[in-house]
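Undergrad: Let the sequences and hints guide you as you build the complete structure.
Residues 1 to 550 in the UniProt record's numbering are what the sequence shown lists, from first letter to last.
Calculated from the structure, these hints are not laboratory results.
Since the structure is predicted, the reported quantities are computational estimates derived from the model, not experimental observations.
Among the hints, erroneous ones may be present.
Below are the BS3-like pairs computed for lysine-lysine, each with C-alpha atoms no more than 30 Å apart in a straight line [stated by the list, open to error]:
1) K537 to K10
2) K382 to K451
3) K123 to K85
4) K382 to K534
5) K123 to K91
6) K11 to K71
7) K91 to K64
8) K11 to K123
9) K382 to K10
10) K123 to K151
11) K10 to K64
12) K11 to K451
13) K534 to K451
14) K11 to K541
15) K451 to K541
16) K85 to K64
17) K537 to K11
18) K11 to K534
19) K71 to K91
20) K382 to K537
21) K71 to K85
22) K71 to K151
23) K11 to K85
24) K541 to K10
25) K382 to K123
26) K151 to K64
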Amino acid sequence: MLQDFKFVFKKPLLLVSLAFISLFPVIYALTFLGAMWDPYDRTGDMQFHIVNEDAGNEDIELGKEIEAELKDNDQLDWQFSTLEKAEEAIKSGESYGYLEIPADASDNAMTFLSESPENVNLKLKTNPGFNFIGSIMSEQVGSVLVETVQKEITETYTKTLISELGSLSDQSDEAQDAIAELKNGAVTLDDGLGQLEDSSAQLKQGADNLESGASQVSEGAGTLYNGEQQFTGQITQLAPMLGNYAQTVQGAQSELENGAGQLNEASTQLAGGASELNSGIGQMNGGISELKAGSSELAEALTEVDTRFNELLAEIEEQNIVFSDEGAEAIASPVNLDIESMVDTQNYAQSFAPLIIAVSLYIGAITFNVVYPMNKIFENKKNVFSQWLSRGLLFLSHSVIITTLLYAAIVWVMQIEIASHWRFYFAMLVWSLVSISIIGLLVMIFGNFGKFLGIVLLIVQLSSSGGTFPIETANNFYQTLYEFLPMAFVVSSFKDAIFGQAFNMEFSTIMYILLAIAAGAYLLVLLVLWLKDKFPKYEEKANKMAKFEN
1 MLQDFKFVFK KPLLLVSLAF ISLFPVIYAL TFLGAMWDPY DRTGDMQFHI
51 VNEDAGNEDI ELGKEIEAEL KDNDQLDWQF STLEKAEEAI KSGESYGYLE
101 IPADASDNAM TFLSESPENV NLKLKTNPGF NFIGSIMSEQ VGSVLVETVQ
151 KEITETYTKT LISELGSLSD QSDEAQDAIA ELKNGAVTLD DGLGQLEDSS
201 AQLKQGADNL ESGASQVSEG AGTLYNGEQQ FTGQITQLAP MLGNYAQTVQ
251 GAQSELENGA GQLNEASTQL AGGASELNSG IGQMNGGISE LKAGSSELAE
301 ALTEVDTRFN ELLAEIEEQN IVFSDEGAEA IASPVNLDIE SMVDTQNYAQ
351 SFAPLIIAVS LYIGAITFNV VYPMNKIFEN KKNVFSQWLS RGLLFLSHSV
401 IITTLLYAAI VWVMQIEIAS HWRFYFAMLV WSLVSISIIG LLVMIFGNFG
451 KFLGIVLLIV QLSSSGGTFP IETANNFYQT LYEFLPMAFV VSSFKDAIFG
501 QAFNMEFSTI MYILLAIAAG AYLLVLLVLW LKDKFPKYEE KANKMAKFEN
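TA: If you want it as structure tokens, here you go:
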């Protein structure tokens with residue numbers, strides 16, 4: 001009933017192997033999670049260049065403001081350099097991107113209240129061919145930098161507008177004082193006009209009285225004149241006979257006196273009317289004087305208001321301040337970010353193809369060593385060198401087959417764009433030879449345990465190849481492995497072949513390294529075959545390790 005358990009406990013090597021296999025999910029999970037635990041918290045080692053060409057102006061210096069903000073920012077390894085150095089760094093894979101601040105950035109930032117507002121045009125350049133997620137991080141950094149620029153612009157405009165509003169408020173107080181003077185002048189003018197109206201009425205009344213008195217005086221004067229004429233005539237005619245007619249003369253004189261009285265009364269009335277007329281004219285003149293004074297005050301107040309507002313308009317014109325819809329839109333969105341890529345990525349799959357292809361070929365090498373009995377002892381045993389050549393031809397044949405099939409699937413089925421097909425195929429073939437040689441060597445030395453070691457090597461290389469997150473986001477242990485493990489090199493060679501651009505090192509250099517590794521592993525295979533031939537006990541031990549049931 002428990003024969004399976006009894007068999008396992010009777011085979012210590014099988015028991016140890018099963019124990020290691022049980023640990024495989026733990027090793028895989030811990031390794032990958034350790035490499036990708038919190039990549040965004042370790043971006044401080046990722047280089048990002050800032051190319052500040054901004055000339056600045058007396059109101060704002062955006063370039064210097066951005067540099068000042070970033071010097072205390074440890075989210076990335078900020079490098080302040082020239083455009084030429086930034087281009088070289090991004091091409092080589094040393095930097096994940098750069099932000100270019102043009103010379104007219106600050107000048108454009110101060111045009112939002114002009115007739116022709118201009119946006120601040122920043123340029124962000126990334127290289128998704130080197131690392132896709134790194135380029136995404138760089139774009140996110142670009143968005144943060146845009147927010148920084150917008151903050152600086154908004155702050156500058158806010159300060160300027162507050163200052164202008166303060167000046168406007170001061171001038172508004174002066175305008176209010178001028179307006180108050182204008183109102184007082186208007187009141188004075190109104191009072192003067194009222195007095196002028198009263199004087200006009202009195203003048204009219206006096207004129208009427210004067211006209212009436214003048215008429216009466218004229219009538220009395222006529223009567224008096226006629227009476228005098230009659231009296232004179234009578235005196236002349238009756239002079240000889242007057243002696244006894246004194247009573248008649250007295251009557252004539254009385255009549256003359258009455259006429260004189262009437263004339264005097266009329267004269268009095270005429271004088272009164274004239275006096276009233278003069279008084280009215282005087283009052284009218286006084287009202288006119290007050291009217292003139294009020295008009296003068298009004299004119300001065302209007303002049304003051306006009307002067308103040310003309311000064312304000314002149315100041316606005318001098319500063320070229322124009323309030324327009326275009327300017328409002330520019331202030332609301334003051335920055336244009338032009339994102340440019342070093343390479344054109346077809347899709348997400350193309351960016352991750354280098355890593356996936358490297359892993360696929362490696363897995364193909366593992367499955368080959370699982371199926372093929374690498375430690376099989378043939379009945380007709382050949383010499384060591386013949387065995388070695390036969391094993392090498394077997395490795396090469398399998399590498400050509402899986403490389404050709406995978407190349408056809410990538411290029412013709414998935415239709416992923418490849419910049420250099422010969423480099424792509426050659427890199428696949430060389431990596432396949434490296435993988436099958438290394439795993440074959442491990443299996444020949446350690447048997448089935450060698451297959452396990454091959455899987456562990458795959459996991460370690462996946463974590464330190466820089467094929468997913470930038471290698472700078474991993475801890476120092478994985479960054480060190482990145483410099484030595486072959487998968488990191490082959491991933492770079494696939495990037496070169498797919499995107500047509502060398503990153504960490506030249507394609508030829510990578511191929512020399514990989515071919516050297518394959519040759520070294522193949523030579524070690526020869527050494528193992530020689531040891532087995534010279535030391536039968538070692539061959540027997542290796543066979544037991546390859547077959548748990550023996």
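Undergrad: Take the hints in turn and mark each one as holding or not.
TA: Against the structure, the hints:
{"no.": "1", "hint": "K537 to K10", "result": "holds (22 Å)"}
{"no.": "2", "hint": "K382 to K451", "result": "holds (26 Å)"}
{"no.": "3", "hint": "K123 to K85", "result": "holds (16 Å)"}
{"no.": "4", "hint": "K382 to K534", "result": "holds (13 Å)"}
{"no.": "5", "hint": "K123 to K91", "result": "holds (16 Å)"}
{"no.": "6", "hint": "K11 to K71", "result": "violated (63 Å)"}
{"no.": "7", "hint": "K91 to K64", "result": "holds (26 Å)"}
{"no.": "8", "hint": "K11 to K123", "result": "violated (66 Å)"}
{"no.": "9", "hint": "K382 to K10", "result": "violated (35 Å)"}
{"no.": "10", "hint": "K123 to K151", "result": "holds (18 Å)"}
{"no.": "11", "hint": "K10 to K64", "result": "violated (75 Å)"}
{"no.": "12", "hint": "K11 to K451", "result": "holds (19 Å)"}
{"no.": "13", "hint": "K534 to K451", "result": "holds (25 Å)"}
{"no.": "14", "hint": "K11 to K541", "result": "holds (14 Å)"}
{"no.": "15", "hint": "K451 to K541", "result": "holds (17 Å)"}
{"no.": "16", "hint": "K85 to K64", "result": "holds (19 Å)"}
{"no.": "17", "hint": "K537 to K11", "result": "holds (19 Å)"}
{"no.": "18", "hint": "K11 to K534", "result": "holds (28 Å)"}
{"no.": "19", "hint": "K71 to K91", "result": "holds (24 Å)"}
{"no.": "20", "hint": "K382 to K537", "result": "holds (18 Å)"}
{"no.": "21", "hint": "K71 to K85", "result": "holds (19 Å)"}
{"no.": "22", "hint": "K71 to K151", "result": "holds (17 Å)"}
{"no.": "23", "hint": "K11 to K85", "result": "violated (63 Å)"}
{"no.": "24", "hint": "K541 to K10", "result": "holds (17 Å)"}
{"no.": "25", "hint": "K382 to K123", "result": "violated (67 Å)"}
{"no.": "26", "hint": "K151 to K64", "result": "holds (14 Å)"}
Against the hints set out earlier in the document, violations occur for numbers 6, 8, 9, 11, 23, 25.
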